[in-house]
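Asker: Here is what each chain is made of, one letter per residue.
Protein chains: 2
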Amino acid sequence: MTIELPLLNQEDSTCCAPATGAAIASDDAEYIARTFKALSDPTRVRLLSMIGATPSGEACICDLTAPVGLSQPTVSHHMKQLVDAGLVEREQRGRWAYFRLVDGALQRAIADLPL
Amino acid sequence: MTIELPLLNQEDSTCCAPATGAAIASDDAEYIARTFKALSDPTRVRLLSMIGATPSGEACICDLTAPVGLSQPTVSHHMKQLVDAGLVEREQRGRWAYFRLVDGALQRAIADLPL
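So the protein sequences, as listed, match chains A and B.
Counting in UniProt numbering, the first sequence runs from 1 upward without gaps.
Counting in UniProt numbering, the second sequence runs from 1 upward without gaps.
To be clear, the hints were calculated from the coordinates, so they are not data collected in a lab.
Identical copies go unnamed one by one, so any copy, or any two together, can satisfy a pair.
List of simulated lysine to aspartate or glutamate pairs, EDC-like, C-alpha gap at most 20 Å:
#	residue 1	residue 2
1	K37	D27
2	K80	D63
3	K37	D84
All figures in this text were calculated on a predicted structure; none of them were measured in a lab.
Hey, can you work out the whole structure from these sequences and the hints?
Answerer: Laid out in C-alpha cells, this is it:
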C-alpha cells in the first residue's frame with residue numbers, strides 16, 4: 001500500500017522557528033533606542049567622549065565649545081539632549097554649567113544588545 | 001614688603017583644561033553616530049536583537065514580521081537601514097531574504113565610548 005504525501009514547496013513555506021527567543025522586549029527597546037537617538041549625532045558623540053576623557057570626569061560647558069567648533073548655545077542644546085536621555089548630568093556653578101557622565105547609563109543601554 | 005595680587009573672579013574666569021585628551025576624533029564620531037542612528041528606533045533594536053537571539057545566528061524576513069507586528073515591506077525597510085549601517089548582512093535565498101549580524105560591527109561602534 002502506498003500513501004500519497006503532499007509535496008512541500010520549500011520556497012512558499014515559512015521557515016525556521018519564530019525569532020523571539022531571548023530578544024529584547026518592547027519597553028527595553030524603547031529605552032535603548034532613546035539612548036542611541038541621543039548618540040545619533042557626531043557632535044554629541046564627541047561631547048560625551050570629551051566629558052569621559054577629562055581627568056576629573058566632568059567638563060565645563062566653557063571647555064566644550066572650542067573643540068567642537070560650535071557656539072555655546074548650540075553646544076548647550078546638544079548637552080540638553082544628552083541630559084534628557086539620561087546619559088549626562090548637569091550642575092550649575094555660578095555662571096557655568098558642568099557636566100559629568102551618569103554612571104552605568106550607557107552600559108545599561110548596550111547590556112542586552114547582541115555584541 | 002607686600003605685593004598686590006589681582007583678585008581672581010572665579011565666576012568669570014574660564015576653568016579647567018581643554019577637554020580634548022583622549023576624546024573621539026571627528027571621523028570616528030561620524031561612524032559611531034551613523035551606527036547609533038540605525039539603532040535609534042525601537043523596532044530596529046528589536047529586529048537586531050531577534051537576529052542575534054536565533055540559535056543559527058540568522059533569521060528569515062518571514063520570521064521577523066509577526067513578532068514586531070509590522071508588514072513585510074515595513075520590516076524590509078527597517079532591515080535595509082540596519083544593512084546600510086553595516087550592522088547586518090543580507091542574503092537572498094529563493095523568495096526569502098535572510099539576515100545575520102556583521103561580526104564585530106557593534107563592538108567597533110562602542111569600543112571608544114566612555115563606558
